[in-house]
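Okay, so the sequence shown: first residue is 359 according to the working numbering, each after it adds one.
Take the hints with a grain of salt, since some may be wrong.
Said to hold, decoys possible - When the alpha-carbon atoms are kept at most 25 Å apart in a straight line, the in silico PhoX-like pairs for lysine-lysine are as follows:
#1 LYS364 x LYS390
#2 LYS390 x LYS495
#3 LYS390 x LYS365
#4 LYS380 x LYS365
#5 LYS380 x LYS390
#6 LYS495 x LYS447
#7 LYS380 x LYS364
Keep in mind that the hints were calculated from the coordinates and are not lab data.
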Amino acid sequence: MIFGTKKGDRRVQNLLELLELKYSIDQDGDFKVIVEFNDGRSQVAFIDSDTQNIGDFEIREIWSVAYVSEGFLDIDTANTLLLHNHQLKMGSWRLIPGEDNTFLATFCVQISADCDPESFGQALGLVLETADEMEEKLTGRDHL
Numbered sequence: 359m360i361f362g363t364k365k366g367d368r369r370v371q372n373l374l375e376l377l378e379l380k381y382s383i384d385q386d387g388d389f390k391v392i393v394e395f396n397d398g399r400s401q402v403a404f405i406d407s408d409t410q411n412i413g414d415f416e417i418r419e420i421w422s423v424a425y426v427s428e429g430f431l432d433i434d435t436a437n438t439l440l441l442h443n444h445q446l447k448m449g450s451w452r453l454i455p456g457e458d459n460t461f462l463a464t465f466c467v468q469i470s471a472d473c474d475p476e477s478f479g480q481a482l483g484l485v486l487e488t489a490d491e492m493e494e495k496l497t498g499r500d501h502l
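Construct all of the structure, not just a fragment, from the sequences and the given hints.
Okay, here's the thing in structure tokens:
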């Protein structure tokens with residue numbers, strides 16, 4: 359594990375270690391996990407250390423990039439992501455502005471900041487698999 363300038367949320371670190379997942383921590387204190395699938399593909403997910411509250415409910419986000427565009431998404435890609443949102447039981451597609459007029463299509467799930475290891479693992483797996491499947495569908499490639 360590599361630590362950035364800010365330490366990550368110990369609760370996330372404990373969950374990742376319980377699940378025996380390798381990770382690094384970026385300069386913002388967020389966790390980065392890279393998973394290699396059996397079919398040879400791989401995907402990166404991020405687990406935010408910072409949390410938000412909705413009343414007494416503390417949540418954190420797990421997310422993964424599936425597509426990067428220069429400028430806004432084309433209409434077919436945008437519609438593909440929005441239509442896929444309708445099929446999801448948990449999580450959603452988001453468009454995050456990047457640098458130099460790039461936009462990141464990311465799949466994001468919000469979970470309880472104090473969830474159990476099994477729920478955390480299932481949410482992380484969902485994020486990784488959903489983003490990887492969409493990446494393959496939209497690009498036909500495997501970006502790491």
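Each hint, compared with the structure:
Pair hint LYS364 plus LYS390 holds up; C-alpha atoms about 14 Å apart against a cutoff of 25 Å. The straight-line distance between the Cα atoms of LYS390 and LYS495 is roughly 23 Å, inside the 25 Å bound, and the hint therefore holds. As the CA atoms of LYS390 and LYS365 are separated by approximately 13 Å, the hinted pair is consistent with the 25 Å bound. Restraint check: the Cα-Cα separation between LYS380 and LYS365 comes to about 16 Å, which is no more than 25 Å; the hinted pair holds.
The hinted pair formed by LYS380 and LYS390 meets the criterion: a straight-line CA distance of about 9 Å does not exceed 25 Å. A threshold of 25 Å between alpha carbons decides the hint, and for LYS495 with LYS447 the separation of about 20 Å falls inside it, so the pair holds. Simply put, LYS380 and LYS364 have alpha-carbon atoms about 18 Å apart, close enough for the 25 Å limit, and the pair holds.
Violation of the numbered hints given earlier is absent; every hint is satisfied by the structure.
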